[in-house]
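Asks: Sequence:
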Amino acid sequence: MVRVVAAVLCALGLSAVAASPARADPTAGGDLQVAQTLGDRDLTFMLRRVTGLPGPLHVDVLTHRGTAAGTLRLGAVPTGVSADRAEGSSAGTTTSRASVRLGGTPGSYGAALDIDRAGPWELVVDDGSRTARIPFVVPGQATSPPELAVFGGFVTAGVLILVTLFVAVRVRRGAWVLLPAGGVVAALAVAVTAALLSASLPPPPQPGGQVDATNDNVTDPYAVVRPVTNDYSRPPVSLELGSYPAKAGERGTLRLSVTDGATGLPADDLVVHDGALMHLLVIGPTGELWHLHPIRTAPATYEVRLRLPAAGHYAVSAEFARLGGGVQQVRSATGLTVADGPEHNGPARGGSSHNGSARGGAPALPAELTPQGPGTRTIEGVPVRLSAPSPTAGEASTLTARIGDTPTLQPWLGMVGHMIVVGPLDKADATSPTRMGQAAQGAPVWAHAHSMGGDMSGHSAHDMRAAPAHDADAMGHGDAMEDGHETGKGDGHGAGTGSMSGLMPLNGDSPADETVAAYGPDASFVYTFSRPGYYRVWIQAERDSAVLTVPYLLRVSPAGGAR
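Everything in the sequence shown is counted per our numbering, starting at 79 for the first residue and increasing by one.
Ranges between beta-carbon positions, derived for each pair: (1) N308 with P344: 25 to 35 Å; (2) K325 with R175: 32 to 42 Å; (3) F229 with E473: 49 to 59 Å; (4) R329 with T221: 48 to 58 Å; (5) T476 with V159: 47 to 57 Å; (6) T221 with P467: 49 to 59 Å; (7) H526 with G144: 22 to 32 Å; (8) S168 with E473: 56 to 66 Å; (9) F244 with A264: 16 to 26 Å; (10) T271 with T173: 39 to 49 Å; (11) S316 with T171: 24 to 34 Å; (12) G133 with P344: 30 to 40 Å; (13) G472 with K325: 39 to 49 Å.
Read the hints as simulated data drawn from the structure, not as lab findings.
Note that this is a predicted model, so its numbers are computed, not measured.
Using N, Cα and C, we set each Cβ at its ideal position, and we do this for glycine too.
Use the sequences and the hints to build the structure in full.
Replies: What follows is the structure, given as structure tokens:
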């Protein structure tokens with residue numbers, strides 16, 4: 079009898095050891111970063127993860143240099159449907175409100191909203207003139223079937239062990255003790271088998287990431303029985319531009335509609351990609367670039383406020399990701415044509431600030447906005463040096479921009495640097511102050527590359543500089559140039575300084591945000607130019623809470639060394 083009891087206890091110990099790797103690893107989720115061009119403000123909203131229900135949703139609004147002070151009104155609206163009519167009765171009703179006072183100093187301004195349930199939600203942001211709606215999902219705490227089997231098996235085994243001991247002590251015939259002992263072995267077998275097989279079982283589709291989120295599948299994604307599949311992709315979409323009656327130098331609102339390419343129905347399933355629901359690229363006749371993030375005002379409807387400085391044609395492209403699908407880059411077939419307007423002075427909305435008259439078709443660009451070849455130039459008082467040795471068609475080229483002299487770049491849209499490439503173009507069009515928008519409209523290549531970040535291994539915790547924070551109430555020498563190319567005769571800064579280790583998460587699943595100024599000064603990009611010719615290149619990075627846009631003109635040589 080003692081041997082039987084000892085065998086059962088040994089089996090329990092071994093099973094506990096064998097099952098220990100199968101401990102539940104709940105998905106905590108990460109912070110959600112969403113850039114929004116809200117009126118004349120370029121803002122980044124940080125939705126901090128909700129750690130318990132009911133609980134607070136902390137929203138930090140990150141502002142940039144030049145952002146106007148003011149007040150934003152925030153609201154939390156549940157939007158999920160449910161099979162339980164009572165559960166979904168409050169969908170579309172604002173359940174919590176707060177306000178954020180933005181100061182004139184760049185930094186972080188926060189507020190908190192109350193979240194009382196898991197499921198899909200919208201963050202409503204109102205600046206007094208327009209309202210943005212940002213969708214997000216609050217995950218629930220669900221237990222998988224293998225976990226239930228493991229826990230149930232161990233609980234059953236524990237109870238049966240006590241029964242076995244009781245029978246062994248109270249019953250004279252030893253055969254009776256085999257009954258509960260056999261139950262212990264069976265329960266342990268179920269628990270161990272579930273633990274070992276749990277790693278090979280496919281997870282349920284992710285609500286809000288692969289399938290549409292509802293209250294039911296967010297609360298318990300295992301309760302909804304679906305066929306096993308690895309393909310959650312959806313058809314491509316069409317991008318339709320609304321009318322834009324504003325003239326050069328005037329403020330206007332551009333509306334965009336996203337429709338399903340297979341049905342023509344509104345496609346209201348865009349998900350946050352690279353820190354925004356939609357990345358809108360606009361290239362003007364002077365070659366100026368706008369990288370904007372339209373706000374979602376209604377299902378499948380977006381809008382952005384513009385002030386285009388010059389008369390002429392503007393090429394438009396949008397980049398986004400659909401639920402369950404990959405990233406899509408959709409170029410507008412029509413673009414925008416802006417008529418001549420009255421004389422004006424002041425910054426162009428969404429672009430770089432410059433003064434000039436729109437009369438005659440285009441204002442005069444300052445020297446820092448004129449495209450140049452690789453080398454050193456100054457943008458908004460910051461020295462920028464681009465190294466791009468001999469780019470050749472069909473071969474991977476490394477372009478490295480040293481922005482400033484200190485490692486104080488801030489992640490913008492989750493990346494240290496962005497590079498927009500358009501071409502190949504005729505040299506006359508690539509350098510024209512009035513035809514660049516039309517040339518970009520028909521360019522074969524539009525590309526958007528990223529620099530993931532430099533090596534931060536040399537930084538300690540106290541080296542990481544942060545942007546100013548507010549409470550909720552206060553809320554080197556250039557290389558020699560030849561026909562737009564680097565000859566390699568200037569001083570270099572070494573290949574080792576541009577390592578691409580990436581933005582490491584600082585908050586579990588959440589990477590660093592714009593409050594961390596500890597990257598660079600190098601931003602490196604690897605890109606393969608498919609064709610020879612002239613390319614317009616814009617490199618963007620954030621420094622001192624301002625996004626710098628640096629225009630370049632590159633000549634890509636044909637393969638084989640031909641000129």
